[in-house]
Amino acid sequence: MVRPIIGDGSEEAPQPEVWGQPRPLGGNALSESGRHAQTLVDKLHLLMEVLRYRRCVRLSRSVLRHWALVSSLQIGVLQLAHIQLPIAPELGREFPGIVGPMTFRPETAAPINELVNILLRGENTLTRGERELIATHVSWRNDCFFCQTIHGAVAAAQLGNDEELVHRVKTDWESSQISAKLKALLNIAGKVQLGGKHVTAEDVNAAREHGATDFEIHDTILIAAVFCMANRYVDGLGTWAPADPAIYRENAAGIVEHGYSAVTEAATAMVQR
Numbered sequence: 107m108v109r110p111i112i113g114d115g116s117e118e119a120p121q122p123e124v125w126g127q128p129r130p131l132g133g134n135a136l137s138e139s140g141r142h143a144q145t146l147v148d149k150l151h152l153l154m155e156v157l158r159y160r161r162c163v164r165l166s167r168s169v170l171r172h173w174a175l176v177s178s179l180q181i182g183v184l185q186l187a188h189i190q191l192p193i194a195p196e197l198g199r200e201f202p203g204i205v206g207p208m209t210f211r212p213e214t215a216a217p218i219n220e221l222v223n224i225l226l227r228g229e230n231t232l233t234r235g236e237r238e239l240i241a242t243h244v245s246w247r248n249d250c251f252f253c254q255t256i257h258g259a260v261a262a263a264q265l266g267n268d269e270e271l272v273h274r275v276k277t278d279w280e281s282s283q284i285s286a287k288l289k290a291l292l293n294i295a296g297k298v299q300l301g302g303k304h305v306t307a308e309d310v311n312a313a314r315e316h317g318a319t320d321f322e323i324h325d326t327i328l329i330a331a332v333f334c335m336a337n338r339y340v341d342g343l344g345t346w347a348p349a350d351p352a353i354y355r356e357n358a359a360g361i362v363e364h365g366y367s368a369v370t371e372a373a374t375a376m377v378q379r
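Residue numbers for the sequence shown follow the numbering used here, so the first one is 107 and each next one is one higher.
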């Protein structure tokens, strides 16, 4: 069940170590308006299940409306982005994370989404789940809450809903239950996050020794570089992020089915300029 997020919007996002645990609601029991809001969210959640098999754009819009409605139930003063972004009517403010800036500049959003779709969803000898783990790990290293949480949810959705594995790969990948090849590639991705020149010939040779191809090494480095850019884009503009993991799980389901471009295109069609 998806719960409304209660809070004044001023507290910091949860630290990476608490991924997968709902953020405490705080305070006393929900007010009458809070219970009414909960009922609305429950009804919307059921409606989403009915609409899940509709065509791509309509599904994407329903997911975004769900995101907007749940987020709009927050109480108090909310964090604002550093620039004025387009407003989502159902939300009364901009969409969270990278979606907000992408609705501001659709002409730059399109090539970014195309590149991310190729890297994370295109033909590859690394699975989609493995590539999402690389993106999630880099985003965690950059302390980008929105990116690590949404891509962690997308990774989990494609890895048997194993959120514990995602958490372990973010915080302690060397002891996680993944292949030696993926560990070697995560090592390279981590070096890229520090700076491209930190990657050594020894790092690359170690990945090759564990079976990584040049194609996989290339894409690992490019995924890490692209997500360093995306993380700085999201946090540099001061965007906000919902705290409730359930919101990310719902949106991850739409991304897995339809890709990243569909979500942004649906959001862009919904905002007011």
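Careful: at least some of the hints might be erroneous.
BS3-like, lysine-lysine: derived pairs with alpha carbons at most 27 Å apart [what the hints assert, rightly or not]: (1) K297 with K287; (2) K303 with K289; (3) K287 with K303.
Calculated directly from the structure, the hints in this document are not laboratory data.
message = Run through the hints listed earlier and report the numbers of any the structure violates, in increasing order.
response = none
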